[in-house]
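Visitor: Could you put together the complete structure from these sequences and hints?
Numbering (mature numbering (1 follows the signal peptide of the UniProt record, and there is no 0)), first residue to last: -23 to -1, 1 to 101.
It is worth saying that the hints were derived from the structure and are not from the lab.
Incorrect hints may have been included.
Claimed, not checked - Derived Cβ-Cβ restraints for the label pairs, each shown as a range:
no.: 1; residue 1: K9; residue 2: T87; range: 30 to 36 Å
no.: 2; residue 1: P55; residue 2: A6; range: 22 to 28 Å
no.: 3; residue 1: S88; residue 2: Q2; range: 27 to 33 Å
no.: 4; residue 1: V50; residue 2: D11; range: 18 to 24 Å
no.: 5; residue 1: Q52; residue 2: N92; range: 18 to 24 Å
no.: 6; residue 1: Q14; residue 2: S101; range: 36 to 42 Å
no.: 7; residue 1: Q2; residue 2: P23; range: 32 to 38 Å
no.: 8; residue 1: Q71; residue 2: E20; range: 26 to 32 Å
What the hints assert, rightly or not - Straight-line alpha carbon distances no greater than 25 Å define the calculated DSS-like cross-link-like pairs of lysine-lysine that follow:
no.: 9; residue 1: K18; residue 2: K51
no.: 10; residue 1: K51; residue 2: K9
no.: 11; residue 1: K77; residue 2: K9
no.: 12; residue 1: K22; residue 2: K51
We treat Cβ as the ideally placed atom computed from N, Cα and C, and that holds for glycine.
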Amino acid sequence: MASIMKFLCLVLVFITLIVGGNGDQCSIADIKIDQSQTGAKVENKPEWSVTIRNECVCSQTDLQLDCNGYQTVKQVDPSILSVSGGHCLVNNGQPVYGFKNISFTYAWDTSFPFNPISSQIACS
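Guide: Listed below in structure tokens is the structure:
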């Protein structure tokens, strides 16, 4: 009987470590950004489609991108991408949920290398 209890306790600890440890595995590196040309032109500049994806089970809030040098001739909804100085706030700071996308388009001569620089991990 005692060995069964020890075994069950070990299984419970193992499951807790596996399930409870997901938040510790999430980081800014789980934010992936893909871009491609849409084929459209805006003021004679190519339009770019951007998809920001959170590849972690946990949500990430207050997601900031390095936007130093970013330019566009097409207005981007500021609730999706808000530019302030050299940083961009994604989704008004609201969660980018696990395995979900945020998308927008902009127009410039070349694609801009958006790089994630910070976020807050929100895992429950």
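Visitor: Given a hint of 36 to 42 Å, does the C-beta separation of Q14 and S101 actually sit inside it?
Guide: holds, 38 Å
Visitor: Is K22 close enough to K51, meaning Cα to Cα at most 25 Å?
Guide: Measuring from Cα to Cα gives roughly 9 Å; hence the hint holds.
Visitor: Is 32 to 38 Å a correct range for the gap between the Cβ atoms of Q2 and P23?
Guide: The hint (32 to 38 Å, Cβ to Cβ) holds, given that Q2 and P23 are roughly 37 Å apart.
Visitor: Does the alpha-carbon distance linking K51 and K9 stay inside the 25 Å limit?
Guide: holds, 23 Å
Visitor: If you check the beta carbons of V50 and D11, does the distance land in 18 to 24 Å?
Guide: Given range 18 to 24 Å: holds, Cβ gap about 21 Å.
Visitor: Within 18 to 24 Å: is that where the Cβ-Cβ distance between Q52 and N92 falls?
Guide: Holds, at about 22 Å.
Visitor: Does the hinted range 22 to 28 Å hold for P55 and A6 at CB?
Guide: holds, 26 Å
Visitor: Does K9 lie within 25 Å of K77 when you go C-alpha to C-alpha?
Guide: holds, 11 Å
Visitor: So does K9 sit 30 to 36 Å from T87, Cβ to Cβ?
Guide: Given range 30 to 36 Å: violated, Cβ gap about 20 Å.
Visitor: Evaluate the given range 26 to 32 Å for the C-beta pair formed by Q71 and E20.
Guide: The hint (26 to 32 Å, Cβ to Cβ) holds, given that Q71 and E20 are roughly 30 Å apart.
Visitor: How does the Cβ-Cβ distance of S88 and Q2 compare with 27 to 33 Å: does it lie in that range?
Guide: Holds - the Cβ-Cβ distance for S88 and Q2, about 30 Å, lies within 27 to 33 Å.
Visitor: Can you confirm whether the C-alpha distance between K18 and K51 stays at or below 25 Å?
Guide: Given pair K18, K51 holds - Cα atoms ~10 Å apart, limit 25 Å.
The structure does not agree with numbered hint 1 stated previously, though it agrees with all others.
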